[in-house]
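> Given the coordinates of chain A, assemble chain B onto it according to the supplied hints.
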Amino acid sequence: MPDDSLDQSVWSQDIYQALKEAQIGQVAYVPDAGHKDLIERCHADAGMRTVSLTTEEEGVALLAGAWLGGVRGVLLMQSSGVGNCVNMLSLVEECRFPLLMIVTMRGQWGETNPWQVPMGQAAPVVLATCGVIVQHLEAAGDLAPGVAAAAQMAFVSNRAVALLVGQRFIGAKKFD
Amino acid sequence: MLDRRDAVSAILRARGSALLVTGLGSPTWDVAATADSPCNFYLWGAMGGAAVLGLGLALAQPSRRVLVLTGDGELLMGLGGLATIGAARPSNLSVVVLDNERYGETGMQASHTARGVDLAAMARAAGFPAASTVTTAEELDRALPALYGGAGPVLLVVKVLANQPPLRVPLRDGTHIKNRFREALLGPKAFG
Numbered sequence: 336m337p338d339d340s341l342d343q344s345v346w347s348q349d350i351y352q353a354l355k356e357a358q359i360g361q362v363a364y365v366p367d368a369g370h371k372d373l374i375e376r377c378h379a380d381a382g383m384r385t386v387s388l389t390t391e392e393e394g395v396a397l398l399a400g401a402w403l404g405g406v407r408g409v410l411l412m413q414s415s416g417v418g419n420c421v422n423m424l425s426l427v428e429e430c431r432f433p434l435l436m437i438v439t440m441r442g443q444w445g446e447t448n449p450w451q452v453p454m455g456q457a458a459p460v461v462l463a464t465c466g467v468i469v470q471h472l473e474a475a476g477d478l479a480p481g482v483a484a485a486a487q488m489a490f491v492s493n494r495a496v497a498l499l500v501g502q503r504f505i506g507a508k509k510f511d
Numbered sequence: 004m005l006d007r008r009d010a011v012s013a014i015l016r017a018r019g020s021a022l023l024v025t026g027l028g029s030p031t032w033d034v035a036a037t038a039d040s041p042c043n044f045y046l047w048g049a050m051g052g053a054a055v056l057g058l059g060l061a062l063a064q065p066s067r068r069v070l071v072l073t074g075d076g077e078l079l080m081g082l083g084g085l086a087t088i089g090a091a092r093p094s095n096l097s098v099v100v101l102d103n104e105r106y107g108e109t110g111m112q113a114s115h116t117a118r119g120v121d122l123a124a125m126a127r128a129a130g131f132p133a134a135s136t137v138t139t140a141e142e143l144d145r146a147l148p149a150l151y152g153g154a155g156p157v158l159l160v161v162k163v164l165a166n167q168p169p170l171r172v173p174l175r176d177g178t179h180i181k182n183r184f185r186e187a188l189l190g191p192k193a194f195g
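Chains A and B, in that order, are what the protein sequence lines are.
The end of the first sequence is residue 511 by the numbering used here, with every number in the run present.
The end of the second sequence is residue 195 by the numbering used here, with every number in the run present.
The set of hints was computed from the structure by calculation and includes no laboratory data.
Quick caveat, the model's predicted, so the values are computed rather than measured.
A portion of the hints provided could be inaccurate.
One side only, chain B facing chain A, incomplete, derived with CB under 7 Å [stated by the list, open to error]:
| no. | residue |
| --- | --- |
| 1 | Gly48 |
| 2 | Gly59 |
| 3 | Leu60 |
| 4 | Gly83 |
| 5 | Thr87 |
| 6 | Gly177 |
| 7 | Lys181 |
Using N, Cα and C, we set each Cβ at its ideal position, and we do this for glycine too.
Only chain A is shown next, with the shape it has when bound in the complex:
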């Protein structure tokens, strides 16, 4: 299978820059290999408060608190964490909290770990069912404008928006 993935150090810079321009002040994450460079960039930025979570639903509540305090945040996670967020997303919908999620996809394109497939395939459906607007990023050129547009809709229109970063783009993890 041809490898469509690109160098993460390049595209993570695009996302980071777009987050800076969107005035993101809190970065909550559960680590994913697809977010490795971006997490490091955010940690190195004194203007961004990074918070390492034990589970993704904490990030949903955390960023609601940040918004109550006047600060914009982003939640970085892998698609397997979407299911962990389900009940906490009721907080976001009921209160019309803005929420920006950047979800790196597994179980989607050339996956070699079958355990990743169920949640990866369910992720966009689960998010949509919970009232989250789902947008797909499938090419390097989509990243900066995609993050900017999602941040604008989240923080100006008070909506939950999840950007799903395609596995074709990130590259399927190799186990051999």
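Structure of chain B alone, referenced to chain A:
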């Protein structure tokens, strides 16, 4: 053991300018019945999220004290949040657990704290510099200065009687509760 409304009254009397987040169920009813304020954010759901919501608020408002007032069942559902708070070390965050050792909203079933789970010890193990349990009004009074002024994160377990005081239903609409809070805290910028 304290009466829960007496405990909440004592805690809120010392509140000053602290921002308040309440966990679902009795803590929300207790605070609304005792001293409503635009700077109260009442949760009616999102079980397990109160403490980490308080963390996000505390990090966003480092010059304000943030107090989370929740129940034992609510905190037990989000125990990982203790580790997240311990790792983040917000000096201005305090978490009060009104611990009746019961799930009060669902029929007073025993919670894990009735079976020996020690939430203050768990908070200490998670890195909270101050975490303790009080069982009398005098002990609670002595704990209040550290709750509002001590280096956080602070966790205080207040053992309360398993009674159900009269219900006073607070604001219910989440968007209104959010907007009221943000306007009180941020002024016109809340809707900018």
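> Could you run down the list of hints and mark each one as holding or not?
To see whether the hints hold, each was checked on the structure:
1. Taken as an interface hint, B/Gly48 checks out: its beta carbon lies about 5 Å from the nearest beta carbon of chain A, inside 7 Å.
2. Interface hint status for B/Gly59: upheld, as the beta-carbon distance to the closest one in chain A is roughly 3 Å, under 7 Å.
3. Nearest Cβ of chain A to the Cβ of B/Leu60: about 4 Å, under the 7 Å cut. The hint holds.
4. Satisfaction of the interface hint for B/Gly83 is found here, the shortest Cβ-Cβ separation to chain A being roughly 3 Å, below the 7 Å cut-off.
5. Restraint check, B/Thr87 versus chain A: the minimum CB separation of about 6 Å is within 7 Å; hint holds.
6. The beta carbon of B/Gly177 comes within 4 Å of a beta carbon in chain A, closer than 7 Å, and the hint placing it at the interface holds.
7. A least Cβ separation of about 4 Å between B/Lys181 and chain A falls short of the 7 Å threshold, and the interface hint therefore holds.
Going through the hint list in order, the structure satisfies each hint without exception.
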